[in-house]
Structure formats: structure tokens, C-alpha cells
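Trainee: Given chain A, put chain B in place with the hints provided.
Listed below are the residues making up each chain.
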Amino acid sequence: MNHPTMKRITSYHIIYISALLSILSACSKDDNPGNNQSQYMLVAESASSNSMFNVKFYAKDSLFVGYNKVFFMLYEKSSGSQVTQAEINFRPIMDMVTFKHACPVENPSGTADANGYFEGAVMFSMPGYDGSWSLSADVVANGKTDSIYFPLARVIPTNPVKKIVVIDSLSNGSGGWIISKYPVSLVEPDKWNVGNNNFEITVNKMASMMSFPTINDMTIAITPEMPSMGHGSPNNVNPIPVSDGHYSGTVNFTMTGAWRVHLDFTRDGRAIGKNAYFDISF
Amino acid sequence: MKKYSFVMLMALFAHPVAGQGHTPAYKLTADTILLGDVTISSSIPVNNSQIEKFYRTNSFSTIDNLTAHLEGVSLIKRGAYAMEPQLNGFSAGELNITIDGIKMFGACTDKMDPVTSYLEPANLKTVTLEHGTNCGLHGNNVGGSIDLALKDPENNGLHAFSGSIMTGYESVSNGRNLLFSAGHSKNKWAWGLNGVYRKNGNYRAGNGERINHSQFEKYNFHSVLLYTADSFSSVRTDILWDFAHDVGYPALPMDVSRARAYLAAAEYKREKGWYDLKVKIYYNSVFHQMDDSGRDSLFFLNDRVPGKRDSVYMRMDMPGRSRTFGGYFQGLFRIGVKNSLTVKIDNYTNSSLAEMTMHMRYPGYPAEPPMYLQTWPDVTRNVSGIFLSDLHTFNNKVSLTVNGRIDLGTDRFGSSVARDQFSVFNYELSRRYSNITKGFNASLRYHILKPLLVEIQSGVSERVPTISERYGFYLYNAYDGYDYVGNPGLRTEKSVSGRTEFTYFRKGLKISLAGSVSLLRDYIMGVTDTTIPPMNFYTNGLRVYSNIRNVKMFSTDLQVLYRLSNGLSFYLLSKYTFGQIGTSAPLPLIPPFMNSVTVSYEWKQWTFQADNETAFRQDRINRAYSETRSPGYSVFNLKASLHLMPKRSMIDVSAGVTNLFNRDYYEHLDWGRIPRPGRSVNILLKYTF
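Chains as they are written, first to last, in the numbering used here: chain A, 1 to 282; chain B, 1001 to 1689.
Just so you know, the hints here were simulated from the structure itself, not pulled from any lab data.
Among the hints, erroneous ones may be present.
Unchecked claim - Okay, the calculated beta carbon distance ranges per label pair:
{"id": "1", "chain 1": "B", "residue 1": "1531", "chain 2": "A", "residue 2": "127", "range": "51 to 59 Å"}
{"id": "2", "chain 1": "A", "residue 1": "266", "chain 2": "B", "residue 2": "1531", "range": "54 to 62 Å"}
{"id": "3", "chain 1": "B", "residue 1": "1347", "chain 2": "A", "residue 2": "235", "range": "32 to 40 Å"}
{"id": "4", "chain 1": "A", "residue 1": "237", "chain 2": "B", "residue 2": "1489", "range": "17 to 25 Å"}
{"id": "5", "chain 1": "A", "residue 1": "237", "chain 2": "B", "residue 2": "1331", "range": "54 to 62 Å"}
{"id": "6", "chain 1": "B", "residue 1": "1366", "chain 2": "A", "residue 2": "240", "range": "33 to 41 Å"}
{"id": "7", "chain 1": "B", "residue 1": "1366", "chain 2": "A", "residue 2": "147", "range": "23 to 31 Å"}
{"id": "8", "chain 1": "B", "residue 1": "1430", "chain 2": "A", "residue 2": "143", "range": "50 to 58 Å"}
{"id": "9", "chain 1": "A", "residue 1": "181", "chain 2": "B", "residue 2": "1549", "range": "33 to 41 Å"}
{"id": "10", "chain 1": "A", "residue 1": "237", "chain 2": "B", "residue 2": "1237", "range": "55 to 63 Å"}
{"id": "11", "chain 1": "A", "residue 1": "161", "chain 2": "B", "residue 2": "1366", "range": "15 to 23 Å"}
{"id": "12", "chain 1": "A", "residue 1": "82", "chain 2": "B", "residue 2": "1430", "range": "41 to 49 Å"}
{"id": "13", "chain 1": "A", "residue 1": "248", "chain 2": "B", "residue 2": "1549", "range": "36 to 44 Å"}
To be verified - Partial pick of chain B residues on the chain A-facing surface, computed with a CB cut under 8 Å:
{"id": "14", "residue": "1275"}
{"id": "15", "residue": "1277"}
{"id": "16", "residue": "1420"}
{"id": "17", "residue": "1423"}
{"id": "18", "residue": "1530"}
{"id": "19", "residue": "1532"}
{"id": "20", "residue": "1533"}
Backbone N, C-alpha and C fix where the C-beta goes; we use that ideal spot for every residue, glycine too.
So here's chain A without its partners, still in its complex pose (with noise of 0.2 Å):
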């Protein structure tokens, strides 16, 4: 771990409790309580390609490498009204010149939530800035289909990372090997408490640049440590499948400061991530 980035993570924190503090207090300042546009973070606002759809696109947080839940609010540019039922399919693309890839995404359902929103997950697999990640998405709502494009200003990478990739090498027998990538991302609660915690994260698997599928059948344990204090805690429920490519557990904090829960992961019955960890400090 790198010690004298510790700061920096610290007023990142800083940053986005006090972001989600001006937002809260923003929302608790509106009088109409119905009206909760600005329940979340406006990251972009643009009109579709073909000039079908105004769309409101926001997120929790800044924008961040690992799973981040994204939020389109959708109007009908002609007249205005807004949009509750549309099928809307994510496209990420980091855009490095030489060749582009993508990121693990979690597309909305079909209906919006009662505040109008449509809630997908986009899980960054690294850092970008000016534009090199961007968002599209393709959109079919009231009979049309259209495309929306929003450039990213920024995917911030943090520290404790919130993603990490497992590589799995089994060796083909004649002197290659055979390497499968999956990447694995926290999904962070609101706020990590002493106690009882929901632990969850999310696995796919890297078939190509562009296509990263669930998956369903990995076997997870954990052990939270406090490294400096050499302890752990518990009564820890590994993560088990609750729903597409997410696994859900218990992770119990017998105080605040600097946790680290240590990953592994079995497949097919064989230990292929060993060393994997996430950092947690609250």
C-alpha cells in the first residue's frame, strides 16, 4: 500500500462527503418535496443524436474508477414530458488512441424509479480525463430509438482502489498459458459503520475489450484485518450470488480507522485469486 497517498484519499473523502453534504442540504432546502432532481450529482446534459430525447445523466459521486451507479432522466425533447418506460443500453468506451476498450456495465430496467430516474451501474477500469472515457447509450422509449453521447470530463481514480482485476493462469499444458481477467468492484454502502456491514461486489469476466459477461458461480471468502493492529474480527459472512454478477455478504468492523478485506476466490474448484484485497477506511 502507498502510505503517502493516505492524505490525498483522506480529502478525496473530504470532497465527496462534503459534495453529498451541499446536495443533501440543497434537497432538504427544496420546497417541493416531490421534486427531488437533485437527489444525485448532474454529471451531463445533453440532447440525443436525432434530437428525440433531452437526457439529464447524474451520478452519487464524482465520477470514479470502479462501480459507480448512474442515473439518466429521460424527456420527450418535442414535448417535454418526461419518460418512465425505455429500454436504454450502455455503451462505455476509453478511447486510448491506439485502440479502445470498454467497462463492465449494469443497464437500467425498463421503468424508471418513482423520482424519474433510471438506474444502471458503470464499473471504470481506470482513470480518464478530457474526454478519453465517454458514456453512449442507445435509447428506444415510445416507439423510437435513438443514441446519446456524453463525453467524460473525468473518471478520478481513488485510493484505497475500489476495483481490482483477479488473473486466473492455468497453464495449457504445452508451455502457454491461458490467462481469464475478471474484474471485481466494491459496491460501496452510503457509509461503513462499526458493526455489521453488507459487503458486496461484483464479478465479470474480460471475454475481449468490448464484452465483459457476469459471473455466477465464483466462490468468495473474506477476512477483514486491521494491518496495523494485526486483528481481524468475527462472525464475517462470505459473499454469496444474490443477484446477476453481484455477491453479497457480511463484513463486521470492530472499530473505525484502516481495514483491509482480503479476497479469495475459487472457480471450478481451484483457487484463482489469492492476495486480493480492498482497503476500507472509515
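Mentor: Structure of chain B alone, referenced to chain A:
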């Protein structure tokens, strides 16, 4: 001193003639030790004058020296300061420790601040002990009670304004003491103030070693204002403030930077012929700041970088707060000549919160985020109780006291922290915890022969687990090196106890032999849980407070006082305690057989005193509890004092040597086997006007 001794003797022999008419034959309190002004009581115990003298001639006796000389009392020592009293093998939550009925609880999760540490002998008038289950006056409990009554306004009758000033020096710790007391009485008003300042450095043990972190400095003030409205009723207010800082605990990895307590109480009393009434309300607050800022906080870690030893700095802060608000009504009603009924209704509310924050730092890196938890989650305990006691006097030889008590206690949480923290152990905490406890006791006093008195008492009682035992979260115990975790599912600890005491008195001789037996069910103690990993790199593991099915305890003490007419007196106190878990395992932390002998001689204005304290080795130990054997020891002390009475004032000068032969020793209950102080020369000067 002469005059004083005379009164004491009077008091001693007043015993057999007390108990006529409306005066109850024998007071409920079994053993009252008078410390300050002499009041004639029908039950002056055998050792009170000794205690009094010990205190008078040695201002260095903190309250610990005093309590150590009470029958059945031993002290658990963690440093030079604030020892925890143990009565017949019972300690902490198994004892009611009260200040004239005032409930007060220490704020340290490591029991470094028993309530007695916030008092000074100079604050006290009497210490009253009750043994075993017969302690219902102050709450249902299993081990007994120690009630410390605060001093009345000083009035030596010489002047309207009177007082004394005392200063002393102790060589072994370069200790300096300053004590003063003042009293002023006018018409119906009387006011008293006393103060103590103590500063002790690190003491030197018998082997010449300087015991680091054994220093302390403390201030204590007590003010009492008494208004006597008429010959029946009075109103009294007490304010006590105690502040200690820089208190070292050599047996612990931490010290106390500040320990502060204050107490305020108001009391109304009415004593009129057939009834005595007392109403009291009180509030007290304790703040205890434990930290390791005075220690070398460098630790070595092995596996940070695999295969490499790494050094790390860790600082720990552990502040604790305890606040208690309460009151009681107590009435004594004399019904006919044969019965006297005591009724007490009381209630108190205690709030406790203790936190721990660890700050970790690797050399060359910024500090890690603080590690925070609450060792006592914000919890409020409210207890209401009713106590009834009837003393029936059959004749001037036999009297029987029957008493009973019901307590209703409820614990509530001030935040969700307790719930969150205990979720780690898969506990689902309730929003509140309630208990009803019951106690019932009977005691018979029988003057078999004119010089022989037998007192037999027996009863049942139970106690609610303490905040630590129920909700404690990673409480480090430096004795066994384990972290303790509370158990909200604990049942009450129940006891059936019996005590017999024989007292023989004739002329200058008084012999008292007592034996107590307690059979405990659901005894509360920590049991190792290997499924929970240890919390930090210096703990051995984790223990969870649990109910042990049965524990037996037995303790006996013998006291002999022999006072010859030529000024020579002899005093012996022997105590022995035995404890057993189930059928064979010894109960840990039981003191060995101990014996204390004092010989004193009064000649004109001089008093000379020599005493010896001897403890046997303790072989009955519980290895599973990490207890180790302790060798025996024998220590001698000498004292001489001179009492002068120039015009309308008194001067007392005394000098003494403690641990005369500079023995290197420790007691079995001392944590960390830290040696006790070596030879020390004390001098003391007191001026009374």
C-alpha cells in the same frame, strides 16, 4: 491523644450496656470504623481505635492504607494510587461502595478508579462494612457493602473558628503532603472545609529499583454546611471535588492524565423520639482520561511487509465519563420497645460512556485514520429499590433483624453504537434490559454470656451484571493480558451466604472471630473465546463475561485487641479467604493468609508503635486464568509521635519508618508483580487551633 484514647475506651466498653429503652439494642451496621470525631456508638468494632491511630499518625495513608486495615478487606493494586477494595474475595460490581448511601461509579473501564480513589481519609467520618448478601440497605448485591460517610463540620469546641494544618514528607517517593481543615460555627450554622494536596514521585522498591510510572499528584476539597433548625431537624449540604493528574500505573500500558470527580448532596434529617427521617438527593460526575502519552509507544510488527520487522508508533486515548443522579428516603420507626422498622426507598440513574481511540503511525508516513470504538457504549442505568428491615428485640440478650429488598433496574442506550458494535458478535441487542432483583436476610444477635456475643446472619441476594460485564467492548485487562467483551445475555449472579461472628470482651481484652461462606450461582467471570481474534498485538486473546455455574467462597478473620493499663496495647488481625470454581479449580485473585500485628505504647505525651504485616505464599492459583504463584513476605513498620498541647492549640509531631528492613515484596493481588515501596522515612507535623 490521651483524652482521645479515653473516649475510645469508653466507647469500647459502652457496648454491653447499650440497647435499653427506645435505643435499638444493636445497630444494623455491623462494623463501623470511626475516623474523625468520636461518637458513641453501640457497635464500635474491635479495631477502630487502631485504624484511627494509624490515620492520625500517618498522613501518608491514603484511603487505601485505611481500607487495607479493615477486616476482610484486601486491595487490588495496579499502581501506587487508587487501589481497588476487595472484601472477602469480592470486588468491583460484587460490592456496594457508597458515600453515605450515595451511589457513585468510577469512569474507568479498567477499574483504575474505584470510587474510593476519589475520597481522602480526611473527608471521612466513618467506614461501615456489611458482609455477604446482608447489604440490602444500599442495593441488592452478593459480596457486601462499604459505606463511607462524609465528615461533619469540624468543631473541636475550643473556638468558634477552628482548624488544623498538617504537612508531611515521605522519603521513598519524595512525597509531599499538605492537609488542612477548618470549621466555623455560629448560632445554628456550622461550616467545614478540608483540603488535601499530595504529590508523589516515582517510588523506590526494596531492591533499589525506581518504579517508573508510579507518580501521582492530587487535590481534594470537601465542604460541608450544616444548618440545625431545632433540636430535631437539620439540613446539610456536601460538596466534594477531587482532581488527580499525572497518575502513573506501572502495571498497565497506560497512565491517567486526569481523573476528576465532583459530588454534591443535600440532606434533610429529622430525629424525633419515635422516628428518624432522612431525605437525600445527590449528583456526582466522574471524568477519567487514560492515555499512553507518558509511555514509549513504539511497537514492533512482524508481518507488515512479509518477513520484515517494522516499527510503529501507537497512541491510545481512553476517556470515560460516569454521571449519577439519585436520591433516597430513609425512615426508622420505633414501634413499641421491641421493634424498630427501617424503610428505605431509593432511586438512581447512572450514565456511562467510555471511548477508545487509537492513533497509528508508521515512521515516515502520515498518520492512519483514527481507530475509534466505545468500550462502554452510552448506556443509562436506572435503579429503584425499596428496603424494609425490622429489628426485634426479644430481651436484653437476643435480638433478630429481618430485612428484604427489591430492586428494579433498567438499562437503556443513548445511541445505536452498542447495537452496532455488538452486531459483530451476532448479538441482536434489545432496546432496553430490565431486571428485578430480590434479597432477603436475617441476622440474630445473642449475648450467650455477659462477655460473649454471637452474631449469625444468613441470606440470599443477587446482583445485576455491571456495565462492563454486560456491554463492555474490548476492555483490556493487564492482569491476564486478555480483552474482555460484555455479554448482554448474562443472568444475575446469585448468592446464598452465611456469616457467624463471635465476640468476646473482658476488661482490656476483645477477641472477635468471624467466618463467612457464600455459595454463588451464575458467578460472572471472563471465559476465553478462541473463535474471536485478539484485538491488538499485545493481547493474548479475548474473554467473554459468562455465568459460571457454581462458585464457593469462604473467608475468616480473627481480631484480638488487648489493652493493658500501663499504656501498652496489642492488636492482631488475621484474614484468610478461599474461593473455588465448581468442585476443584481455585477462584483466581484470592489473597493468601495475611496477618497484621500492632504493638503500641503510650507514655506521657508520647506514643510509640511497631507493626508487622505478614502474608503467606499463595499456591492456590488458577493457571487457566494466567494466575501465577506469589511468595510470602513480612514487613515491619515503626512510628513515634508526640502530642503537645500549648495554650488553646495542639501540636502533633510524628516520625516513622515503613518497610524497615527494605524488603523487596509484592502482594498476590498486585498486578504485574510490581514491587511495593521499599524503606521510607515519614515525618509529619500537625497544628490544630
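Trainee: When the hints from earlier in the document are held up against this structure, which numbers fail?
Mentor: Violated: hints 1, 2, 7, 9, 14, 15, 18.
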